Every structure is written in C-alpha cells, then in structure tokens.
Amino acid sequence: MSKPIAVNGDTAIAMAWKQINPDVVAAYPITPQTIIVEAYSDYVADGLVDTEYICAESEHSALSICVGSSAAGARVATATASAGLAFMWEMLYVSASMRTPIVMAVANRTLSGPINIHCDHSDAMGARDSGWLQIFGENVQEAYDNTLMAFRIAENMKVRLPIMTCLDGFIITHALERFEPLEDEKAKAFVGPYQPVRPLLDVKSPTTYGPIAMPEYYYEIKYQLVTAMANAMDVARQVMAEYGELTGRRYDLVEGYRTEDAEYLMVAMGSTAGTVRFVVDQLRAEGKKVGAVKVRLFRPFPTEDLVALLRGKKAVAVLDRAMSPGTGAPLYMDVVEAASQIGSPPRISNYIYGLGGRDIMPEQLSSVFGEIIEGRGERVNYLGVRK
Amino acid sequence: MADEGSSSLPLGGMIIEPGNSRRYRTGEWRSQRPEVDKEKCTNCLTCWIYCPDNSVLVENEKMMGFKYSHCKGCGICANQCPAKAITMREEGVE
Ligand code: SF4
Ligand code: SF4
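Order-wise, the sequence lines are chains A and B. Our numbering applies: residue 1 is where the first sequence begins, and numbers increase by one. Our numbering applies: residue 1001 is where the second sequence begins, and numbers increase by one.
For the record, the hints were derived by calculation from the structure and aren't laboratory data. Here the structure is a predicted model, which means the values were calculated and not measured. Glycine included, C-beta positions come from ideal geometry on N, C-alpha and C. Among these hints, one or two may not hold up.
In silico contact screen, one side only, chain A against chain B (beta carbon under 7 Å); selected entries [stated by the list, open to error]:
{"id": "1", "residue": "Pro206"}
{"id": "2", "residue": "Ala213"}
{"id": "3", "residue": "Met214"}
Take a look, some chain B residues computed to stay more than 10 Å from chain A by CB distance [said to hold, decoys possible]:
{"id": "4", "residue": "Glu1004"}
{"id": "5", "residue": "Gly1005"}
{"id": "6", "residue": "Ser1006"}
{"id": "7", "residue": "Leu1009"}
{"id": "8", "residue": "Gly1013"}
{"id": "9", "residue": "Ile1016"}
{"id": "10", "residue": "Glu1035"}
{"id": "11", "residue": "Glu1039"}
{"id": "12", "residue": "Lys1040"}
{"id": "13", "residue": "Thr1046"}
{"id": "14", "residue": "Ile1049"}
{"id": "15", "residue": "Tyr1050"}
{"id": "16", "residue": "Pro1052"}
{"id": "17", "residue": "Asp1053"}
{"id": "18", "residue": "Lys1072"}
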C-alpha cells in the first residue's frame, strides 16, 4: 500500500518525475516552479535517477533543448512559470508543430506587469492556442496524478503533442498537503516505457524534423494539430478511466458537483474549484439549487462534456483567473462557445478574480451565486477590484 | 499546388525520405536566369564552387551551363565569375 505523506505541489511533481525517470530534463528555475527543478536536480545528484539534467541559460534554451532531445528519441520533462513560459513562446509553437510530446509543469504565476510572483492563469492562458495540451490540477494530489496521466496522454501515438500540467503558483506549489503517491513500481507500470517516433538517432531511418513548409503545405501540417487534439480527448478519457481503476481516484475532463438538479452553476479551474464546491455545499444547506463545474482538461476543450452539464440550467458564472482586456476571459469564451450549441442556453456571465495572487474568499463566491440567481451582474465582471 | 491531405503527410511535416529535395524544383522561384557566354568562359569553375544550389553543370572539368530545374536565379555565379562570362536575364523576356 502507498503511504500518505505531506509535501507541497512542486515536490509532488518532482516525485512523479522521479518515478518516471525521463531521459532528459532541461530547465531554468523561476518562482514558483523552482522547487520542482531543485528537488529533481537533487535526485540526479544523488543518483536516484539517470536523467540527463541540463541547466539551460534561459527558458528559450531550455525548451529548445527539450525539443531537440525529444526529436532525438528521449522522454522529456521540464517546468516553468510566468515570464519563463513567455520566454519559451517561439519554441512552444515549434514543439507542438514538431509533435514532440514534452511534459511541462507550469506553476501558474501572473505575467508582468506590474511584476508579481503570485498566482493567476495568465501565463497558461496566453499559450492556449500554441497546440499544447493543458491540464489543470486542484491540489497537490491532482498535480501529481495529472503528471502521471500527462505522460500517457501526450505520448500516445494518436496524440504526440506536448502537455502543460498546470498547478496554481504558491497555492498548490508551495502549500504542504497530505497526498498519496503511487508505489514506484505501480507508477512506472502505469506510464510504461517510452516509444519514440522516428528518432533522429536512428541513423538507419534518416529523418528531418521541423523543415520549412511553404504555403502549399503549412496549413495541412497545422491541421494535423486539430486531428491530434480531437484524438487527445478520447485518449485523455481512457487514461483517466484507467487511472481511476488503479487508484480509486476517478477523474474526468470536466467534473460536475451537485449539478444534476442544479439551476445555477459556477465553472472554475485549478485550486478555486475546491472553494466553489465548499460554497455550493453551504448554499445547498440553505436550499439553493446550485452546482459546481471543474474544468480539468482545458486544451483540447471538452465542449461536448460542457454542453451536457450546461443544458437546462438557468444561469452560469464562469470564473477566470486571467483577463483579456477589452473582452471576456478565455475560459468564459470557451464556455459560451459550448453553450451556443444549446437551443435556449443559460445566461452566462464572466467573473474575473484572483489576479496577481489576490485571495478569493467563499463569501465572494456566495455573492456571485446571489447575483446570477437574481439575474444581476454584467456580462463581464471584475470581482473585488477597487474601481 | 501540392495535393496531399493533412492526414497523409508525415507527422509534423517531417521528412522521412532522404534526398527528396531533388524533387523540390527550386527553379520555379527564379525571376532571372543565368546565361553563360562560352567564348569568355575559362572553365575556372568558380561558379560551380559558389552556387548554393548545385546548379552549375560540369562535365570533364568543363563548365557546361546550368541546371534550370533547381537554379533559383540568385545571381551569385554571375557576381563571382572572374571572366564576367555570366549574364542574368529576366525570365519570360526575350
Ligand atoms: S566562373 Fe565564369 S569563367 Fe569560371 S567556369 Fe564559371 S562561367 Fe566560366
Ligand atoms: S543563379 Fe544562383 S542558383 Fe543559379 S546557377 Fe547561379 S549561383 Fe546557382
């Protein structure tokens, strides 16, 4: 039996990597991801893994090394956050289009400016169109579980896309929580050995990775990402089901809580999803018909699953820990797009919250439920901002 | 225009057939074409050394003209020729 222990989210991710023992880890430290790469470099120094650990001089280099290593046939992991992710920008698109299934932990931290090291999702949201898969965890256990599942989803032959395993900076990365890792052997068996596709080091099958594509080919090669994303939806579902069998922790692309007879829903990602369920329980005790929806897989976006949960509801509040100045925020946009497939969709409003690490309190979420129940509130609301 | 669909192209557009750039006719890019005046040419093969597209034809150590299927008309050969034996002419103009 696996034993519960108390660690923070970053350490849990390093522990998952240790069990998987990737061939290459290339990284550059940045708060609040630092503990991951620090802990992992200890494992390397102590000889607990045989990973080639490369300290790059920047995030642009770190991800470039990951892309090259993956093309060479290696299983690769890395981690970053905020400005580090932004500095990887060019290579994000390159790695997705070159189909290198890199697993990257993103310790969600806001993007400047003003410069700030605390949590929001603006880093990952900016990368949502890059062709990377994105999976969000709610707590330390999920940060760990998502990591093991991420390797399986990304490396699947029908997918072959890089994946970001997102966890809220500080709230999950640095907070000590009780969690249960799998035994090493179980984790290794679940993830399985790495299978490369036409590795560069296979000199008998010479391959050129990442050649130029002129207008006659670019669009078709880009469209391959659409196909891979569609496949990833099914693969993620299967992997989560298999993981549920193994661990008893049953995950889904989107998870509803007390939604069946609910009339009002609140949608969230990351650590706030737990706060939303707490508030739902409080309001249910007062007889309010409310429910919670947690989006685990953000890319590809599980539109059909959302449609099934939203159908027949009266109003929905979508919580975004990021903003898109001038319009609604990313999660809201995707939820609205999903709801557009419903004949008479619920009224959907956007609540931007928690930017730059601002705490989100249960009372605030209760009042958001109050607003949507009474049909008040703007289309896009900035929760708690001093105007 | 190419006609392969997205699903029949190799993953990420990788090249899995060595040397298939032979079939990529860079000559289609050309707007100017090099022409050699063999009266002036000394067969020094400077043009052959400089051509980035391996498009100067050589037989028995003699410069024999250009491979227009792949010559993209960059003009480097004309620039480098010590005997000024190469002239660049507009394509499609007599
Ligand atoms: S560089 Fe000029 S002279 Fe020399 S081989 Fe070429 S065309 Fe002839
Ligand atoms: S024009 Fe350029 S490509 Fe054509 S033969 Fe001369 S050097 Fe080669």
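A quick look at each hint next to the structure:
Interface hint at Pro206 of chain A: satisfied, since its Cβ lies 5 Å from the closest Cβ of chain B, which is below the 7 Å cut-off. With 7 Å as the threshold, the beta carbon of Ala213 of chain A comes within range of chain B, its nearest partner Cβ sitting at about 5 Å, so the hint holds. Because the beta carbon of Met214 of chain A sits about 9 Å from the nearest beta carbon in chain B, more than 7 Å, this interface hint is broken. Interface exclusion of Glu1004 of chain B from chain A breaks down, the closest Cβ pair being 7 Å apart, not more than 10 Å.
A Cβ of chain A approaches the Cβ of Gly1005 of chain B within 10 Å, the least distance being about 7 Å, so the stated non-interface status is violated. The Cβ of Ser1006 of chain B does not lie farther than 10 Å from every Cβ of chain A; its closest approach is about 4 Å, which violates its non-interface assignment. Listed as a non-interface residue, Leu1009 of chain B fails to keep its Cβ farther than 10 Å from every Cβ of chain A; the least gap is roughly 6 Å. For Gly1013 of chain B, the shortest C-beta to C-beta distance to chain A comes to about 4 Å, within the 10 Å cut-off, and the non-interface label is violated.
For Ile1016 of chain B, the shortest C-beta to C-beta distance to chain A comes to about 6 Å, within the 10 Å cut-off, and the non-interface label is violated. With a least beta-carbon separation of about 27 Å from chain A, Glu1035 of chain B lies farther than 10 Å from that chain, consistent with its non-interface assignment. Distance check on Glu1039 of chain B: its Cβ is at least 39 Å (rounded) from any Cβ of chain A, clearing the 10 Å threshold; non-interface status holds. Under the 10 Å C-beta cut-off, the non-interface status given to Lys1040 of chain B relative to chain A holds; the minimum distance is some 37 Å.
Interface exclusion of Thr1046 of chain B from chain A stands, the closest Cβ pair being 29 Å apart, more than 10 Å. Interface exclusion of Ile1049 of chain B from chain A stands, the closest Cβ pair being 25 Å apart, more than 10 Å. The beta carbon of Tyr1050 of chain B sits about 23 Å from the closest Cβ of chain A, which is more than 10 Å, so the claim that it is off the interface holds. Listed as outside the interface, Pro1052 of chain B is consistent with that label: its C-beta sits roughly 15 Å from the nearest C-beta of chain A, beyond the 10 Å cut-off.
Taking the minimum C-beta to C-beta distance to chain A, about 15 Å, the non-interface status of Asp1053 of chain B holds against the 10 Å cut. Remark: the non-interface label on Lys1072 of chain B is consistent with the geometry, its nearest Cβ contact in chain A lying 13 Å away (cut-off 10 Å).
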